[in-house]
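Asks: In case you want the letters, here they are:
There are 2 protein chains.
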Amino acid sequence: MSEKKIPYKIYLSENEIPEKWYNLRADMKNKPAPLLDPGTCKPLNAEQLGVVFCEELVAQELDDTTPYIEIPEEIRDFYKMYRPSPLVRAYCLEKALGTPAKIYYKFEGNNTSGSHKLNSAIAQAYYAKKQGLKGVTTETGAGQWGTALSMACAYFGLDCKVFMVKVSYEQKPFRREVMRTYGADVTPSPSTTTSIGRKILEAHPGTTGSLGCAISEAVEVATSNPGYRYVLGSVLNQVLLHQSVIGLEAKTALDKYGVKPDVIIGCAGGGSNLGGLIAPFMGEKLRGEKDYQFIAVEPASCPSFTRGKFAYDFCDTGMICPLAKMYTLGSGFIPSANHAGGLRFHGMSSTLSQLYHDGFMEARAVEQTSVFAAAEQFARVEGILPAPESSHAIRVAIDEALKCKETGEEKTILFGLTGTGYFDMVAYEKYNDGVMSDYIPTDEDLEVGFRGLPAVPGQD
Amino acid sequence: MSEKKIPYKIYLSENEIPEKWYNLRADMKNKPAPLLDPGTCKPLNAEQLGVVFCEELVAQELDDTTPYIEIPEEIRDFYKMYRPSPLVRAYCLEKALGTPAKIYYKFEGNNTSGSHKLNSAIAQAYYAKKQGLKGVTTETGAGQWGTALSMACAYFGLDCKVFMVKVSYEQKPFRREVMRTYGADVTPSPSTTTSIGRKILEAHPGTTGSLGCAISEAVEVATSNPGYRYVLGSVLNQVLLHQSVIGLEAKTALDKYGVKPDVIIGCAGGGSNLGGLIAPFMGEKLRGEKDYQFIAVEPASCPSFTRGKFAYDFCDTGMICPLAKMYTLGSGFIPSANHAGGLRFHGMSSTLSQLYHDGFMEARAVEQTSVFAAAEQFARVEGILPAPESSHAIRVAIDEALKCKETGEEKTILFGLTGTGYFDMVAYEKYNDGVMSDYIPTDEDLEVGFRGLPAVPGQD
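Going line by line, the protein sequences match chains A and B. Here my numbering is used: the first residue of the first sequence is 1, the next is one more, and so on. Here my numbering is used: the first residue of the second sequence is 1, the next is one more, and so on.
So that you can see chain A by itself, here it is in the shape it has in the complex (with noise of 0.2 angstroms):
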């Protein structure tokens, strides 16, 4: 097909700005596996799920049959202010890299959380808003989801309480002024105003908190407090729903150029960017309609996919959320310390896993100093920073168009570029220092995340 001149970037106009999100799980054969009850190992109903979370986002996690599913105006409204967002054709980086490849991206980075958690953290608070709450609480670990719900709570006002892994807290005290600026109140995890946080402070006196005990408190506190539910911004089905705007602008882009993408890259931690970014391409692939490559990228430090087990496992290292059926390398697992480049859930999202697990999608691990490496080049000639776990799909982008270079292949390569990396700078100076260093968890390293597995009826 002959192609129209193609921009640097694509800008899609207000009106096309999606006005239903698309439900990828309607399309699959074989569903993502339901929620369970940690206690009875059943799954949750409705009810259940709405002790933790709000009415209508329960509804959606549940409904794996609507295809597509409206967005309210107050949320268009929203994400008018920074949507649609660009498609870019990276002109600059397939030059630098002299490819024959096409690179496009989507870049998600064009508003003050710095990535693409906004998309869902604005429709959360909307439908707590909706449903007459006072506030919402989370935990944010490096803090763009944070970021994005203190900007959505302040939007709505609505009550926002964001528990941040204290080393996060003590160590990006900018992120946490950012929330507070959009009027947050951020408590460093783990913390004494909960439980479960004195708890785990009295076991470990010294800790420096991690993502799942900061979920932990979170949940404590929404289902302690009347008025309060809990928000999450990854992992959850309802969140690759709310992200799937990520995808279907980018294919309303592409489309309006007549170019179909070979290859689609994303970066993997708990999927919220990748479960969004290929939401209607996979979708044609389930139908059969369309044949692309999928790739999900992830930290080799942190594995999920590639070396993980799929299976029912906690989202929280608390054990006090439902079970999910993922690939996991066990709630107990933590990145080693020297691991800066963010995407350190230890689960992945049931919907990808079941996608990754029937063999729809491919799944890479890569080192850190490579990643940065490839964000480094990216900044020098595409002129945007981009946050570490962004840096993973660029470097699985570039290295796919240097196969082309090679083979003389001109593949269409679409990758999503999620954030910025503003927050980022003591990562990116120890890369700059050449004092970074790779991680690798042995065998041994993973069977001791594996050992905290669930004993989940009919599960190894």
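Keep in mind the hints are simulated off the structure, nothing from the lab. C-beta atoms are modelled at their ideal positions from N, C-alpha and C, and glycine is treated no differently. The reader is advised that the hints may include incorrect statements.
[To be verified] So the derived label-pair ranges between C-beta atoms look like this:
1) D185/A <-> N15/B: 45 to 51 angstroms
2) E19/A <-> E74/B: 36 to 42 angstroms
3) T412/A <-> D358/B: 55 to 61 angstroms
Take the given structure of chain A and dock chain B to it, following the hints.
Replies: For chain B alone, coordinates are given in the frame of chain A:
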């Protein structure tokens, strides 16, 4: 005129990026006064300026008659990576204020340098490369200009030496790391690498540096190393010329919807943003075609326009740079240490100074706590965390909109949102903690600065 429905963001297409910069001086009856040699007090010619600056930039600096100057294709290609920048209708802010005013802002923060500085940095790097130079030197305070120049130099493969005010180098390590990621050589100023730096360190052993001192060091390195020139991010005519893309794009976008602003507001430190934003509108005013109200906003702690003298002065504290005629507080004036909000240059663009002197423009000085209050209010409803500098313009835009609320006038307000505040969270933290204070220099404080004004024949 009946208005078309105006979207939240007006994006122009790539081919609407201006093909020519607009040189406001061509339409000025009273031209800005020429730069003088500090030794002889005679106007500097191209040859003399060429020792410090790139040839083509000198030509632009001296040209006050050509109204339009072609933007080379290489620069336009780079612009395509982050331009056209969005013109945003601040619907959410209008609603929050309950004002009948219509507020627009031109947002220049959607690039990794985080500000409009990149518009001139890429032009200056291009001309340096074209001249066959090896590299350029510059100074940076808060780091926006240094970051922009690093990005531009990385793109064209030029060496980039940045002298960063020592206190910023130490307190803003993240900015420094962004520059290093783009391959720049960043030196804390004053340093022992220059004779001026050594002299200053000898006289003031514990000094944390100043912008004027960093300028002196950068100029010394440029003039003592073959193949290097000095570049500057503000104040100069050439910079205002490059920044005219801001105003040209804004005007094109507004014209599309038949919108004519009544009031145009910009923050002013050296004048780069304000001069660029107002350029085409001021041109119409100077030619008698249309009328606009222009408001320059400066910090009350560094009030060049509102309390300075219109006189020839040094641009640097080392007193080695040319003399410029401008509104100035004296090159020895340094704002109080409690001043967090940028815009701390003692002088002002000669072009803007002349326009202000001739009554084409107003100026207002605002205090920093009120600036941060405006910043927070804006961030919460518009979703963008503004730079402290930009927030000066927000403050006055809100003030003007609130006046409209009282009078019922439906004024159209346009302001320049120059950048984002991601690297200014220390200042935000002070504000969040309620420990930010204001500073207004006394007349005696100002007298000290005025005493340092050079003796130029014909000037008091």
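Asks: So, for every hint listed, does it hold in this structure?
Replies: Structure-based check of all given hints:
no. : hint                                  : verdict
1   : D185/A <-> N15/B: 45 to 51 angstroms  : holds (48 angstroms)
2   : E19/A <-> E74/B: 36 to 42 angstroms   : holds (41 angstroms)
3   : T412/A <-> D358/B: 55 to 61 angstroms : holds (56 angstroms)
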